[in-house]
Amino acid sequence: MRRVAVSGIGVVSPLGNSAAEVLANARAGRSGVHRLAIPFANRLTAPIAATANFNEVVDFDPGKARMLDRFSLLALFAANQAVQGAHGALLDVDRERAGVFVGTGMGGTLTMDGGYQTLYGEQSDRIKPFTILMGMHNAAAAWIGIEHGLRGPNMTYSTACSSSTVAIGEAWMRVASGQLDVAIAGGSEAPLSPGSLKAWEALHTVATMDVEDPAASCRPFSKNRSGMVLGEGAAMLVIEPWDRAKARGADILGEILGYGQSNDASHITRPSVEGQAAAMNAALRAAGVARQEVDAINAHGTGTLANDRTETAAIRAIFGARADQIPISATKAIHGHLLGAAGALECVLSLLAMQHEVALPTMHLQLADPECDLDYVSNTAREGLAAQVMLSNSFAFGGTNAVLVLRRAG
Amino acid sequence: MTTTFERLSAILMKDFKLQSDRLTVDAPLESLGIDSLGTVELLWNIEDAFQIKLPSDPVDLPTLGDVVRYVDELIAKQGVVLAPAPPGEPALQAI
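Residue numbers (this note's numbering), protein chains in the order written: chain A, 1 to 410; chain B, 1 to 95.
Take these hints with a grain of salt, some might be off.
Calculated pairs, DSS-like style, for lysine-lysine (alpha carbon to alpha carbon, straight line, at most 27 Å) [as the list claims (entries may be wrong)]:
| id | chain 1 | residue 1 | chain 2 | residue 2 |
| --- | --- | --- | --- | --- |
| 1 | A | Lys128 | B | Lys14 |
| 2 | B | Lys14 | A | Lys64 |
| 3 | A | Lys246 | B | Lys14 |
| 4 | B | Lys77 | A | Lys128 |
| 5 | A | Lys246 | A | Lys223 |
| 6 | B | Lys17 | A | Lys64 |
| 7 | B | Lys53 | B | Lys77 |
| 8 | A | Lys128 | A | Lys198 |
| 9 | B | Lys14 | B | Lys53 |
| 10 | B | Lys17 | B | Lys53 |
| 11 | B | Lys53 | A | Lys128 |
| 12 | A | Lys128 | A | Lys223 |
Heads up, incomplete: computed chain B residues facing chain A, CB under 8 Å, no partners named [to be verified]:
| id | residue |
| --- | --- |
| 13 | Val40 |
| 14 | Glu41 |
| 15 | Tyr70 |
| 16 | Lys77 |
Simulated from the structure, these hints should not be mistaken for laboratory data.
Cβ coordinates follow ideal geometry from the N, Cα and C atoms, glycine included.
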């Protein structure tokens with residue numbers, strides 16, 4: 001297996017639209033969650049979300065903006081930024097050995113929702129002609145491939161909230177095994193359509209709005225947590241063999257050491273300690289990393305009652321007494337749950353945190369929960385933490401658990 | 001009275017951001033950057049602007065002139081009486 005370097009990062013998210021911005025906001029604990037101002041908000045029990053400050057009309061020509069759903073535009077924006085930052089990663093590469101791996105949970109749901117509004121709301125048959133092309137889950141990956149002329153595998157993974165961790169992991173396997181020489185990998189999600197917001201609300205997984213401070217509504221690992229907050233955005237990596245990145249003098253931002261997966265095979269929503277622990281175990285095995293080498297974890301940490309206590313128990317099951325010494329960050333408190341893009345954004349945050357020697361805070365952790373008794377780096381960043389190896393956990397409805405093992409560059 | 005070509009040109013300028021000097025009856029759609037997908041979108045906009053219902057049969061429309069003829073035929077066949085062009089729509093000279 002070859003070593004795999006991350007040589008480019010692209011991000012557009014509720015915490016900002018560049019690696020520097022996202023790190024600064026995450027470090028300071030500034031929340032991207034806010035009260036929704038859309039007309040539909042009055043139909044929502046908790047009118048809150050984490051939106052990306054991204055205007056597709058400004059960033060893309062009208063022809064493209066008209067043909068791509070927001071989730072594809074976010075993906076393309078992040079991919080372009082990652083490629084630009086990777087300084088020549090796509091030059092002099094066999095295009096058939098260059099792939100695209102994108103995770104998304106809901107694909108072009110905004111477009112589909114608009115189509116249903118026309119059909120059922122307005123009782124009109126005039127569905128827009130590009131509805132299928134914009135709505136299909138593989139549109140984002142396809143557009144990235146077209147934009148950069150990448151003719152290798154063009155893959156889309158939809159495993160709910162672990163989609164982009166799976167996408168990055170699968171890309172890592174192809175590059176590490178020698179099948180590919182470069183890949184753009186990550187995730188994108190634009191789930192804030194009325195239909196989607198109501199559907200998530202109906203599932204009773206969405207946080208109650210903190211009326212005094214809507215930005216603090218998501219409270220992972222806190223006893224008074226009440227659920228997740230939906231978010232939108234995209235994060236993409238350029239990954240390539242370590243030696244290739246070194247040879248062309250690339251600025252290496254981190255290393256992907258391994259990836260593991262498991263399936264709960266028990267319940268469609270209820271998380272399982274065994275399943276989550278199995279994914280962490282599988283990732284460590286694939287990476288060839290011993291448990292005592294893990295310095296920090298970016299938790300799945302959704303802020304739901306079930307996830308946070310299950311994840312705590314799973315981390316304990318893997319690390320035993322040493323679990324108390326591992327700083328755990330749950331950044332969804334401030335960027336919301338980007339569903340299929342969440343794992344990619346959290347992978348980016350983990351790489352940046354290691355590079356800049358900081359443990360990112362778990363914000364809004366107000367009340368200790370006896371069932372969540374680990375070190376969650378509550379409410380304030382821990383500076384000077386020189387973690388070498390981190391896990392980035394992603395667990396999903398459907399039971400597809402995925403974990404990345406990441407190492408600091410250099 | 002606004003001609004079919006003028007109405008078509010208005011759509012192309014507004015939705016496809018094309019300059020009026022490129023819009024001639026013999027201009028191939030391909031040369032205007034309107035490929036097969038673009039034609040699907042154009043026809044969708046035409047249905048609205050001309051208040052006609054397009055048949056689902058595939059149709060070959062290489063030039064703007066062909067589009068005009070096709071639309072005129074459908075207007076005649078469907079007995080559509082077009083409302084005047086909305087105010088603010090560019091008043092184009094027929095070319």
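Now for the hints, and whether the structure bears them out:
As the CA atoms of Lys128(A) and Lys14(B) are separated by approximately 17 Å, the hinted pair is consistent with the 27 Å bound. A threshold of 27 Å between alpha carbons decides the hint, and for Lys14(B) with Lys64(A) the separation of about 15 Å falls inside it, so the pair holds. At roughly 49 Å between alpha-carbon atoms, Lys246(A) and Lys14(B) are farther apart than 27 Å, so this suggested pair is violated. Under the criterion of a C-alpha separation no larger than 27 Å, the hint pairing Lys77(B) with Lys128(A) is consistent with the structure, at around 25 Å.
Simply put, Lys246(A) and Lys223(A) have alpha-carbon atoms about 46 Å apart, too far for the 27 Å limit, and the pair is violated. Taking the CA atoms of Lys17(B) and Lys64(A), the gap is about 12 Å. The hint holds against a cut of 27 Å. With a C-alpha separation of about 10 Å, the suggested pairing of Lys53(B) with Lys77(B) holds against the 27 Å cut-off. Proposed proximity of Lys128(A) and Lys198(A) is supported: the alpha carbons are some 23 Å apart, at most 27 Å.
Restraint check: the Cα-Cα separation between Lys14(B) and Lys53(B) comes to about 21 Å, which is no more than 27 Å; the hinted pair holds. Distance restraint check for Lys17(B) and Lys53(B): the Cα-Cα separation of roughly 25 Å lies within the 27 Å cut-off, and the hinted pair is therefore satisfied. Distance check on the hinted pair: Lys53(B) and Lys128(A) sit about 15 Å apart at the alpha-carbon level, within 27 Å; holds. Pair hint Lys128(A) plus Lys223(A) does not hold up; C-alpha atoms about 46 Å apart against a cutoff of 27 Å.
The criterion of a C-beta within 8 Å of any C-beta in chain A is met by Val40(B), whose closest approach is roughly 5 Å, and the hint holds. About 5 Å separates the beta-carbon of Glu41(B) from the nearest beta-carbon of chain A, less than 8 Å, and the hint is met. Nearest Cβ of chain A to the Cβ of Tyr70(B): about 17 Å, over the 8 Å cut. The hint is violated. At a threshold of 8 Å, the smallest CB-CB gap from Lys77(B) to chain A is about 20 Å, leaving the interface hint violated.
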